[in-house]
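What follows is each chain in one-letter form.
There are 2 protein chains.
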Amino acid sequence: MFGAIEAGGTKFVCAIGDQNGNIIKKVKFPTKTPKEVIPKIGSFFKDYNLQKIGVGSFGPIGVNIEQDNYGYILNTPKKGWKEFNFLYELKKNLQVPILWTTDVNIALYGEMKHGAGQEFKNLVYLTVGTGIGAGVVNHGKFYYGASHTEVGHTLLTKLPDDSDFKGTCPYHYDKCAEGLAAGPALQQRVNGEATQLEKKSKIWDLEAEYLAQLCHNVTLSYAPQRIIFGGGVMHNEQLFPKIKRILRKYLNGYYEIKDYDNYIVPAELGDDAGIIGGICLAANNNS
Amino acid sequence: MFGAIEAGGTKFVCAIGDQNGNIIKKVKFPTKTPKEVIPKIGSFFKDYNLQKIGVGSFGPIGVNIEQDNYGYILNTPKKGWKEFNFLYELKKNLQVPILWTTDVNIALYGEMKHGAGQEFKNLVYLTVGTGIGAGVVNHGKFYYGASHTEVGHTLLTKLPDDSDFKGTCPYHYDKCAEGLAAGPALQQRVNGEATQLEKKSKIWDLEAEYLAQLCHNVTLSYAPQRIIFGGGVMHNEQLFPKIKRILRKYLNGYYEIKDYDNYIVPAELGDDAGIIGGICLAANNNS
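Protein chains in written order, with this note's numbering: chain A, 1 to 287; chain B, 1 to 287.
Keep in mind that the hints were calculated from the coordinates and are not lab data.
Check the hints yourself; a few may be wrong.
Capping the alpha-carbon separation at 20 Å, the derived lysine to aspartate or glutamate pairs in DMTMM-like fashion look like this [what the hints assert, rightly or not]:
id : chain 1 : residue 1 : chain 2 : residue 2
1  : A       : K249      : B       : D174
2  : B       : K121      : A       : D68
3  : A       : K158      : B       : D259
4  : B       : K121      : A       : E66
5  : B       : K121      : B       : D259
Please work from the sequences and hints to get the whole structure.
Now the structure itself:
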């Protein structure tokens, strides 16, 4: 049996599963301070004799094992978590080998093993929700440089008919993908809940425009075989054909994508992607 | 002894060198058709008993060994080279193991071994000349997805006071880095030779702005330890402090760079970077 911890910005999910990624037991609790959260994790796992646990954490986190900050949660506004050596505390409390990566990467790993990324070794996963998170798999492994990717904060170009929009990124305002196209940006444009928006609203054209710009840059930067879109915003299926059409226009024949319908695809696993990925990471990875 | 071939878009350079990257003999000839070029390569190397040859080719090329197009030059306007199986022809003619990558990557490899990239395992090399080429090293190896990176064609945001500029990229016009900031873009803005431009000209501010935008995206996409700038345009040293200042403004505290002067640096090897890199690649790599 294997364990998984999805340490999200608002909630934690802990689970136990088998080597095929089947979830046997699962529990959720809010992301309070480490002092409150860590005992809950410990008491959930204490009755099981687990081989390994796969952990995906909100970030930014230290992922480069050659650096001193490996295993730490870095700069975060969340109380008690800034510069917290999360991996060390987990190992101390759980006494079991841990596979450590970002929350986005374990969801990507879940999609690789049981969802939209099967049979691919070069993937980009973009989750468009309260922020825009990105995970990259290259030759079957997570891409890390000095740290993990932060593609959600790369710069995009605002359209002229969007000029009044202020943007929602606290760091890059209306200049980065997250500030222009994450859930809060949509809500600011709608002036309410995006779910109430008509499918024909021009706001979806704007949203697709920015996500297509992001896909253009991701395509030429990473050359993935497939881009998988997850997150709440992407439940609006009308975005997909628009994104593909605009991406084709941007690439303009410079880079060949044989089949756009197989290149830009929705995530398949839904809310359990991270937990399934965490279990599979623990079951499959020897590191 | 080891060989190197730098197959550039306008000229070929072939060389022989030792395991330390020292060039022993070197020859240049124009990039004519394969029928004219390949015999010249063969006659240059024929008198030497080489262990391996490192080849860096203009592109786009097939670099993913799992794909059918590995070793090919792909879509190019150059006569005779489109869809040409260059690697196969080289192996057939030279009868020696060949290390195969892009022209930008062998220059990056030269900088890694004997120039500005020593002691780093995660690097981005950007060459700003007739185009903008990019090479990426991750954990000491070239980054390849389904193909090599094409960061020079990622989208940037044109500044309002540059609105009249049409851009020079035949695919992406004024929308990508190459179209806004490669040598031909500079020349179009100057309406002549950029070398005649005063150091205080506002055109350098524009140039630095676009290269800083590119650095922002490259930083958050690849998380390199260092970005190395090569190519003719970067001989204008006044660009470097401007790029660092604007990059800091864009990142705005979201991503920590401890020392900008050690993060954005000029290439050190000059015109021989590619050939030195090709020799070192042949000497060091067992693949």
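For which of the previously enumerated hints does the structure constitute a violation, in increasing order of number?
3
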